[in-house]
Structure formats: structure tokens, C-alpha cells
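Chemist: Sequence:
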Amino acid sequence: MKTFTKFLTMLAVAALFATGCVNEEPPYKEDPNPEPAGTTGYLSIGNLSMTVVYDETQAARIASGTRATAPDVDSFIVEILDADNAQVLKMTYAKLKEQLKTPMELKVGAYRMEVRSEDTMPDAAWEHPVYGATSDFTITKAQTTSPEEVVCTLQNIKVSVEYSSELADMLADTSKATVSLGDTSLDFLKTETRAAYFKPQALENTLDFVFDGTFADTDVPAKFSKQITGVK
Numbered sequence: 001m002k003t004f005t006k007f008l009t010m011l012a013v014a015a016l017f018a019t020g021c022v023n024e025e026p027p028y029k030e031d032p033n034p035e036p037a038g039t040t041g042y043l044s045i046g047n048l049s050m051t052v053v054y055d056e057t058q059a060a061r062i063a064s065g066t067r068a069t070a071p072d073v074d075s076f077i078v079e080i081l082d083a084d085n086a087q088v089l090k091m092t093y094a095k096l097k098e099q100l101k102t103p104m105e106l107k108v109g110a111y112r113m114e115v116r117s118e119d120t121m122p123d124a125a126w127e128h129p130v131y132g133a134t135s136d137f138t139i140t141k142a143q144t145t146s147p148e149e150v151v152c153t154l155q156n157i158k159v160s161v162e163y164s165s166e167l168a169d170m171l172a173d174t175s176k177a178t179v180s181l182g183d184t185s186l187d188f189l190k191t192e193t194r195a196a197y198f199k200p201q202a203l204e205n206t207l208d209f210v211f212d213g214t215f216a217d218t219d220v221p222a223k224f225s226k227q228i229t230g231v232k
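Residue numbering for the sequence shown follows the working numbering, starting at 1 and increasing by one per position.
Errors might be hidden in some of the hints.
Claimed, not checked - In silico DSS-like pairs for lysine-lysine, Cα to Cα no more than 25 Å straight-line:
1) Lys190 to Lys176
2) Lys141 to Lys107
3) Lys101 to Lys158
4) Lys223 to Lys176
Calculated directly from the structure, the hints in this document are not laboratory data.
Given these sequences and hints, build the entire structure.
Modeler: Pasting the structure below:
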């Protein structure tokens with residue numbers, strides 16, 4: 001059993017979060033119909049840089065040997081919410097750049113910008129990374145706030161199962177590993193090379209790993225289970 005378990009490995013990559021920077025600049029312009037003093041400021045994204053720390057291994061597999069390219073950030077969804085969690089706007093990054101060529105007037109206060117590569121994340125799927133970021137900014141009286149950088153990182157949990165060639169040769173083809181997060185699970189057959197991506201259920205998650213197989217030459221059962229805790 002020690003030899004068997006030695007060759008089982010699981011890689012779980014947790015989601016990371018990054019926030020953008022906020023700078024304040026001189027007043028944007030005089031409003032011909034101003035609201036009461038001190039109630040509004042401006043949001044500009046003219047200096048905003050949107051980047052993605054993406055999974056090059058997954059991208060390379062999809063590209064079938066061609067050079068991997070980063071996801072298209074213009075298609076990413078940008079949502080801005082106020083301090084009460086009310087939606088101020090929601091659109092693709094491409095449309096946002098077009099709309100905010102002129103700074104957008106907003107009430108003074110705290111805001112949150114949420115960026116994601118797609119609107120909904122599947123509970124579990126093969127080769128389906130989802131990227132995103134959350135950053136806070138503040139609109140100040142008669143000032144133009146200009147977020148400078150948003151770094152989108154992996155938001156779901158990447159899981160892959162790998163066997164050494166020695167162990168794979170020992171196992172029957174019907175052998176499989178099942179990885180579960182809550183009620184969601186996927187089966188990794190012995191020949192599976194794809195990575196699975198699970199939707200996190202909390203800040204820290206517990207993955208259940210169960211191997212159920214047989215040794216090819218003897219038909220002796222080969223079973224192994226493990227819990228992986230603290231997956232973020």
C-alpha cells in the first residue's frame with residue numbers, strides 16, 4: 001500500500017484575488033447643471049490596465065501544441081456596485097471603455113468593481129477556468145478617481161490527478177479516481193489528462209478524493225481515500 005499511495009498525486013490550485021489601485025486627480029470639469037456641492041465626483045478608466053494571470057498549462061492543451069494566448073479581457077464582464085450593494089452598471093470591458101471615454105459622474109462614496117470572465121461559474125467542468133478580480137475605490141467630492149490596474153486571477157479550484165508510468169502500468173483500465181466538492185463530483189479515469197475546475201463553496205474548501213481500482217495482473221482491489229482541507 002505504501003508503494004501504491006506514493007505514486008498518487010493531486011494538485012489543487014486555489015483562487016487568488018487582486019485589487020486595483022486608486023488615484024485622485026484634479027476636478028474633471030464644471031457641470032452646467034451642478035448638483036448640491038459635495039455630492040458627486042467622477043470615475044475614469046482612461047489609465048486602467050486589465051491583465052490576466054492565466055493557466056498556461058490549460059491554455060496550451062486547448063491550443064493543441066500551438067502557443068497559448070491569454071483570455072480576451074474585452075469580453076470580460078465588469079460590474080460596479082455601491083456601498084449598499086446596488087448595481088451601478090454592468091457591461092463588458094469593451095463597452096465600458098467606450099462608455100467611459102468621458103468620465104462618469106457618481107455620487108460620493110465607496111464602490112466595488114467586480115470583473116469576471118463569464119457571468120456564471122459551473123459547479124464543475126473540464127478545462128473551464130474562470131478568471132476574475134474585485135477592487136474597491138472611492139469617489140471623492142469634485143475629484144476624478146482613476147483605477148490603474150486590475151489583475152484577474154483564477155477564481156475556481158483546479159484539480160488534476162496524475163499517475164507515474166510505473167503505477168499506471170499496474171492498474172486496470174477501469175480504475176478511476178473520484179474527486180468531490182460538496183455534492184459535486186467528477187471521475188478521473190486512469191487515462192484522464194484533463195484538469196477539472198470546481199466552483200468554490202466557501203473561502204476554504206474541502207475536497208474528497210476516492211480511488212477505486214484493481215491491479216491488472218491480479219484483480220486485487222486497489223482503494224485509497226483522502227480529504228484535502230483548506231483549499232482556497
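Chemist: Take the hints in turn and mark each one as holding or not.
Modeler: Hints, verified against the model:
About 6 Å separates the Cα atoms of Lys190 and Lys176, which keeps this hinted pair within 25 Å; it holds. Note on Lys141 and Lys107: the hinted pairing holds, with a Cα-Cα distance of about 8 Å set against a maximum of 25 Å. Between Lys101 and Lys158 the CA atoms are separated by roughly 37 Å; this puts the pair beyond 25 Å, and the hint is violated. Annotation: proposed proximity of Lys223 to Lys176 holds, straight-line Cα distance about 10 Å (limit 25 Å).
Violated hint for the displayed structure: number 3, the only one.
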